[in-house]
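Heads up: the protein sequence lines correspond to chains D and C, in order.
With numbering that gives the first Met the number 0, the residue at position 259 of the first sequence is 258, and numbering never jumps.
With numbering that gives the first Met the number 0, the residue at position 60 of the second sequence is 59, and numbering never jumps.
Worth flagging that the hints you see were computed from the coordinates, not collected in a lab.
Label pairs and their computed distance ranges (CB to CB):
1. D:Ser-71 with C:Arg-33: 24 to 32 Å
2. C:Ala-32 with D:Glu-70: 31 to 39 Å
3. D:Ala-18 with C:Ala-32: 41 to 49 Å
According to the in silico footprint, chain D covers these stretches of chain C (three or more CB under 8 Å from chain D):
4. 35-47
5. 53-65
Covered stretches of chain D, as calculated for chain C (at least 3 residues, CB under 8 Å):
6. 183-192
7. 239-246
We treat Cβ as the ideally placed atom computed from N, Cα and C, and that holds for glycine.
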Amino acid sequence: MLSYAAETGKGEGFSPPDAGDFNLPPFIEGNEFATKPILLAFLSVILISLFFYFSARRAALVPSKLQFAGESVYSFVRNDLGREIIGQEFMRFVPYLFTLFTFILVNNIFGIVPMLQFPTMSRISFAYVLAVITFFVFHYVGIRHHGTIKYLKDILFMPGVPKPVYILLTPIEIATYLVVRPLTLSLRLFANMFAGHLLLLIFILGGEYLLQGSLVMKLASPVAFAFGIALTFFEFLVQFIQAYIFTLLTALYIAGAVADEH
Amino acid sequence: MEGSLNLVGYGLAAIGPGLAVGMIFAAYINGVARQPEARSVLQPIAFLGFALAEALALFGLVLAFVL
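With the rest of the complex left out, here is chain D:
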């Protein structure tokens, strides 16, 4: 796409980062599973488990700093995402929402941690799996709560709508519940992580390439690096927002499935 974009003179030209840069080859030759994103996913699970294990170990009434941090994260998901949105029966879903939130957040943060620097969710398979699990969770919850026929009737033929509108409404609802919701959930997370990582790559690799150029380009490279630093902070915000949004939307879909009447 950008093949003609940057022949800036010296050397063989700048080859801007593209989607191929996300294809990290495996460490061990034949083994397809020993790639960096998979190791990062395992590492995130280990880190989260250790953090919360040590946070809850000597739980006192007056919390220590670690316990306070762990409890803050948990109560954020439980109250602001669970109780606020799902309402009465929220405790059943808090483990799943909490797992989603912390898993996505830690994997996103790996995008700016110095030695790791690869957001796991920028490989789309991770995002697809989480969205598929959410899809099964909220449909299963709806079917368990309402019964299959009544649940399907409620979502496909919304009550309180004049009859002829169903010709227009029902295909849209089918597309929404079966296709659009899991697809946009996964693509939103993936696209944010992909675009963020790509931006960081462009500014930092570009800044380093500019250092090898003429004097004018050498003077321009600190600007590129400064943008890289600013974007790193921005990426931190975006990563937190994306983890929050994924969990928030999951909670909203579950709330919609469990809700009694419109």
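Assemble the complex: chain D is given as a structure, and chain C must be docked to it using the hints.
Structure of chain C alone, referenced to chain D:
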């Protein structure tokens, strides 16, 4: 896709979400200006709206790379 047509497509596709994000946060600022106590009530809604609108711009960006 030949040439930079996908970039032009992405640029056009980013008009809508750009306007949408601006309008969402304009509504949030208006709401907080009228009633500062509503800040924490409106904030999750503002971020939810922002993420939903931003998602469309990012689909365009990803498709510009893929195609």
